[in-house]
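Undergrad: Respectively, the protein sequence lines represent chains A, B and C.
Be aware that the first sequence starts at 239, since it is given in the numbering used here, and climbs by one per residue.
Be aware that the second sequence starts at 239, since it is given in the numbering used here, and climbs by one per residue.
Be aware that the third sequence starts at 239, since it is given in the numbering used here, and climbs by one per residue.
Treat the hints loosely; a few may be bogus.
Identical copies go unnamed one by one, so any copy, or any two together, can satisfy a pair.
Stated by the list, open to error - With a Cα cut of at most 20 Å, we get these calculated SDA-like pairs of lysine to any residue: (1) K312 with D286; (2) K338 with Q255; (3) K338 with L364; (4) K338 with E264; (5) K338 with R262; (6) K338 with I362; (7) K338 with L361; (8) K312 with T266; (9) K338 with E304; (10) K338 with T266; (11) K338 with G306; (12) K338 with S263; (13) K312 with D367; (14) K338 with G354; (15) K312 with L295; (16) K312 with E292; (17) K338 with E244.
These aren't lab readings, by the way, just hints derived from the structure by calculation.
Each chain, letter by letter, is given below.
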Amino acid sequence: LRVQTERRSQLVNITPQVQELLGRSEFTEGIALISVPHTTCALAVNEDEEGLKEDVLQLLSRLVPEAGPYEHNKVDNNAHAHLRSLLQLPYIALPISAGKLQLGSWQSLFLVEWDGPRQRMVLITLMGDVANGGKSP
Amino acid sequence: LRVQTERRSQLVNITPQVQELLGRSEFTEGIALISVPHTTCALAVNEDEEGLKEDVLQLLSRLVPEAGPYEHNKVDNNAHAHLRSLLQLPYIALPISAGKLQLGSWQSLFLVEWDGPRQRMVLITLMGDVANGGKSP
Amino acid sequence: LRVQTERRSQLVNITPQVQELLGRSEFTEGIALISVPHTTCALAVNEDEEGLKEDVLQLLSRLVPEAGPYEHNKVDNNAHAHLRSLLQLPYIALPISAGKLQLGSWQSLFLVEWDGPRQRMVLITLMGDVANGGKSP
Chain A
239 LRVQTERRSQ LVNITPQVQE LLGRSEFTEG IALISVPHTT CALAVNEDEE GLKEDVLQLL
299 SRLVPEAGPY EHNKVDNNAH AHLRSLLQLP YIALPISAGK LQLGSWQSLF LVEWDGPRQR
359 MVLITLMGDV ANGGKSP
Chain B
239 LRVQTERRSQ LVNITPQVQE LLGRSEFTEG IALISVPHTT CALAVNEDEE GLKEDVLQLL
299 SRLVPEAGPY EHNKVDNNAH AHLRSLLQLP YIALPISAGK LQLGSWQSLF LVEWDGPRQR
359 MVLITLMGDV ANGGKSP
Chain C
239 LRVQTERRSQ LVNITPQVQE LLGRSEFTEG IALISVPHTT CALAVNEDEE GLKEDVLQLL
299 SRLVPEAGPY EHNKVDNNAH AHLRSLLQLP YIALPISAGK LQLGSWQSLF LVEWDGPRQR
359 MVLITLMGDV ANGGKSP
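Next comes chain A alone, as it looks inside the complex (with noise of 0.2 Å):
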């Protein structure tokens, strides 16, 4: 899956994609493992509401300060993003229940972009029973 951000610092609501690739798959139980092979993007799981949104980036802004000091940025200039990124989720493993991802009503799935614009890699990797009553992966 890819995900093009569009800011500097953004909350993306990637649910409805992974639940789509999900539906072409042929999983009906198991887990879905969600991962990002990044190091200044991170996963979330939160309510996808505007104001909450905006309180996310700053916290993490109020946490880890853009502005530093920080070594890692004597050789590149986006140490804020990699250490906000610790902070949160490298990857997000979610059962899945009749071939959906099994998220509460509130629960949406966030790419949480700290260094955007830029076009992000989500990797989905499921495991369980598919349709057929077979085993996969």
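Once you have looked at the hints, place chains B and C on chain A.
TA: Quick look at chains B and C alone, frame taken from chain A:
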């Protein structure tokens, strides 16, 4: 698994209930994925010591004060609970060995309530070998 | 997998050992669950750059100072190590593809020691397909 929390903020050790549920299943080797379909509570693994549980509540209260100000509080009044949960885990994946969660001597599994008291759901998804030599889920 | 840490606080890149262990198994596709049965160290995925590793130690030391005061220090003297570990991960789940951990170009897997030097255990649980077409956790 249902967990009734009793205070506004609280760490509840759910290890016994999860181990019991695992014992009633026939799983012997594999992975247990424990998740909460909520956005204002989280999961954590650490030591069950009264002082440390108090320290966890104090730490998150200091990093994410209840008072804010938060944008999300314009539509609801629990931004601090969402944000504290976002610094913790919405799910825990642990190895199962010989039919039990493979936890270290000092590790317990906690539901961390930030917006209680409430009844919370804990979902448990098991993958791997079952006792009769079959495969599941 | 056993890892001997050498300093009080330290990020140890364990990617080569995990890849080697995976190579000796016959797993080709699936999920690797890497976990630590400890409460004062953690796991992380990010870039192996000397400055950034220093920044990670500094960040967590600033967010969770060693001095406290902490309630847990009445029974032990390492509350800061528990609390820093709680802001990181007790396990990492990563996809396995073609018999290797599917990590991005800049991603390394770290054991993050907060209460060393110590000998630490890293548990690795593999689920998925093995080379001979069989199934295993």
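Undergrad: Each hint needs a verdict: does it hold in this structure or not?
TA: So, going through the hints one by one against the coordinates:
{"no.": "1", "hint": "K312 with D286", "verdict": "between (36 Å within a copy, 14 Å between copies)"}
{"no.": "2", "hint": "K338 with Q255", "verdict": "within (12 Å within a copy, 26 Å between copies)"}
{"no.": "3", "hint": "K338 with L364", "verdict": "both (11 Å within a copy, 16 Å between copies)"}
{"no.": "4", "hint": "K338 with E264", "verdict": "within (10 Å within a copy, 25 Å between copies)"}
{"no.": "5", "hint": "K338 with R262", "verdict": "within (11 Å within a copy, 26 Å between copies)"}
{"no.": "6", "hint": "K338 with I362", "verdict": "both (13 Å within a copy, 16 Å between copies)"}
{"no.": "7", "hint": "K338 with L361", "verdict": "both (17 Å within a copy, 15 Å between copies)"}
{"no.": "8", "hint": "K312 with T266", "verdict": "neither (48 Å within a copy, 39 Å between copies)"}
{"no.": "9", "hint": "K338 with E304", "verdict": "neither (38 Å within a copy, 34 Å between copies)"}
{"no.": "10", "hint": "K338 with T266", "verdict": "within (7 Å within a copy, 25 Å between copies)"}
{"no.": "11", "hint": "K338 with G306", "verdict": "neither (42 Å within a copy, 35 Å between copies)"}
{"no.": "12", "hint": "K338 with S263", "verdict": "within (10 Å within a copy, 23 Å between copies)"}
{"no.": "13", "hint": "K312 with D367", "verdict": "neither (49 Å within a copy, 43 Å between copies)"}
{"no.": "14", "hint": "K338 with G354", "verdict": "neither (30 Å within a copy, 28 Å between copies)"}
{"no.": "15", "hint": "K312 with L295", "verdict": "between (24 Å within a copy, 17 Å between copies)"}
{"no.": "16", "hint": "K312 with E292", "verdict": "between (29 Å within a copy, 12 Å between copies)"}
{"no.": "17", "hint": "K338 with E244", "verdict": "neither (28 Å within a copy, 32 Å between copies)"}
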